[in-house]
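Participant: Listed below are the residues making up each chain.
There are 2 protein chains.
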Amino acid sequence: MRVAELSRTTGVSVPTIKYYLREGLLPAGELTSPNQASYDERHVRRLRLVRALLEVGRLPLATIREVLRDLDDQADWDMHHRLGRTLYPLAGVREDAPSAELAAAMTDVDALLARWGWQVDPESPGRRRLAEVMLTFRELGVGYLMTEIDRYARAAEMIAESDLRGIATKPSPDDVVTGAVIGTIVGDALQAALRRLAHEHTSVHLFKRS
Amino acid sequence: MRVAELSRTTGVSVPTIKYYLREGLLPAGELTSPNQASYDERHVRRLRLVRALLEVGRLPLATIREVLRDLDDQADWDMHHRLGRTLYPLAGVREDAPSAELAAAMTDVDALLARWGWQVDPESPGRRRLAEVMLTFRELGVGYLMTEIDRYARAAEMIAESDLRGIATKPSPDDVVTGAVIGTIVGDALQAALRRLAHEHTSVHLFKRS
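Chains Z and P supply the protein sequences, listed in that same order.
The first sequence begins at 1 in the working numbering and counts up one residue at a time.
The second sequence begins at 1 in the working numbering and counts up one residue at a time.
Calculated from the structure, these hints are not laboratory results.
Computed from a predicted structure; not experimentally measured.
One or more hints might be untrue.
If chains are identical, the list can't say which one is meant, so a pair holds when it fits in one copy or spans any two.
Claimed, not checked - Calculated pairs, DMTMM-like style, for lysine to aspartate or glutamate (alpha carbon to alpha carbon, straight line, at most 25 Å):
#, residue 1, residue 2
1, K208, E139
2, K170, D96
3, K170, D73
4, K170, E95
5, K18, D150
6, K18, E55
7, K170, E132
8, K18, D73
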């Protein structure tokens, strides 16, 4: 397809597509004449991935370029490591040395992960995020909100299995990664909306006087 | 207790406490002499609630004043309606008329709520939030991420039951509301962190080549 059709298919404007081509975010099309190139389904998928990382993941262009280069270099990596490489930068976790309090909370997180039998890389940003939340609850005087943490972990397992079942049906690695990026970021909003609706429904039984 | 002890107990500075008193966010203490007042546990709880609404919920002071006035006026309301009155403004949902597309998605949400048997007020901001997420998935070409919505709803029920069990143990209405505010907002970060860790654990089995 020509660039105009690529634009129609993806909803990305022609000037933006040309900008992505110059910036190396999109591989060049196949030249069909000195100033005309042809694009295919791989370009459609890559454009959707760039849009997801940019608009949904809000990653800076330099990071996106790096993530995409890694994805292409690692075509023979397994999907587990490719997902990790793409999703870790989305966490936006600080990389400075943790305070003594945070380090202690991260040790608590490791104990929880061991109890649940979860295999998580020591470098995973999720460990630090969970530790930060646990500290915040303690500082706000609502540490008791962690008493149900084992049930929350079981619910998270159910959700994660559904998430991965959904994206694993996609045939192309770019589609899997795109689904994982959007599913991770917009998925937070989905889960938050469902949780609020479920709160209201549960509260009817627990707190409402007829 | 005197204002200095109230400050030590809650971690809120004396000038800030005096500001909240002037602004009507905190009820006056009992005068023990012409320029000395005495505060009690109700002041401690109310200060924690103000801090939660301000720092965690990021509500503007005017909204907090309104929420607190309602809470006090509605001392004889049941907890279900008091929680709704406090938590609805936290959703930050736009109140303009929905587009035709969004209105259609909200009808889809109502059908889902009926299927799950969830009792949710027609005014609940969660309905619009869920509809907005469903539209976003469709626009990004990943509508297939909604195929597991029934399982997500079951997981949300599990989480909501744990959330409410946690806060229902608190004796004072102010404590219940404080726990609900913090648990709703910081709870999003908790659930997101757990979901990412569970993704990684699940991906090991599904995608990792040994």
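Participant: It remains to establish, for every hint, whether it holds in the given structure.
Facilitator: How the hints compare with the structure:
1. Taking the shortest Cα distances, K208 and E139 never come within 25 Å of each other, neither inside one copy (31 Å) nor across copies (38 Å).
2. Taking the shortest Cα distances, K170 and D96 never come within 25 Å of each other, neither inside one copy (37 Å) nor across copies (37 Å).
3. For the identical chains of this complex, K170 and D73 are intra-copy neighbours only, at 21 Å inside a copy versus 54 Å across copies, given an alpha-carbon limit of 25 Å.
4. For a Cα distance limit of 25 Å, the shortest separation of K170 from E95 qualifies neither inside one copy, at 33 Å, nor across copies, at 37 Å.
5. Taking CA atoms no more than 25 Å apart as the test, K18 paired with D150 passes in neither setting, with 50 Å inside one copy and 41 Å between copies.
6. Only within a single protomer do K18 and E55 lie at most 25 Å apart by alpha-carbon distance; the minimum there is 18 Å, versus 44 Å between protomers.
7. When the C-alpha separation of K170 and E132 is checked against a cutoff of 25 Å, the pair qualifies only between copies, where the shortest distance is 24 Å, while the shortest distance within a copy is 34 Å.
8. For the homomeric pair K18 and D73, the shortest alpha-carbon distance inside one copy (23 Å) is at most 25 Å, but the shortest distance between copies (60 Å) is not.
Consistency with the previously given hints fails for numbers 1, 2, 4 and 5, ordered from lowest to highest.
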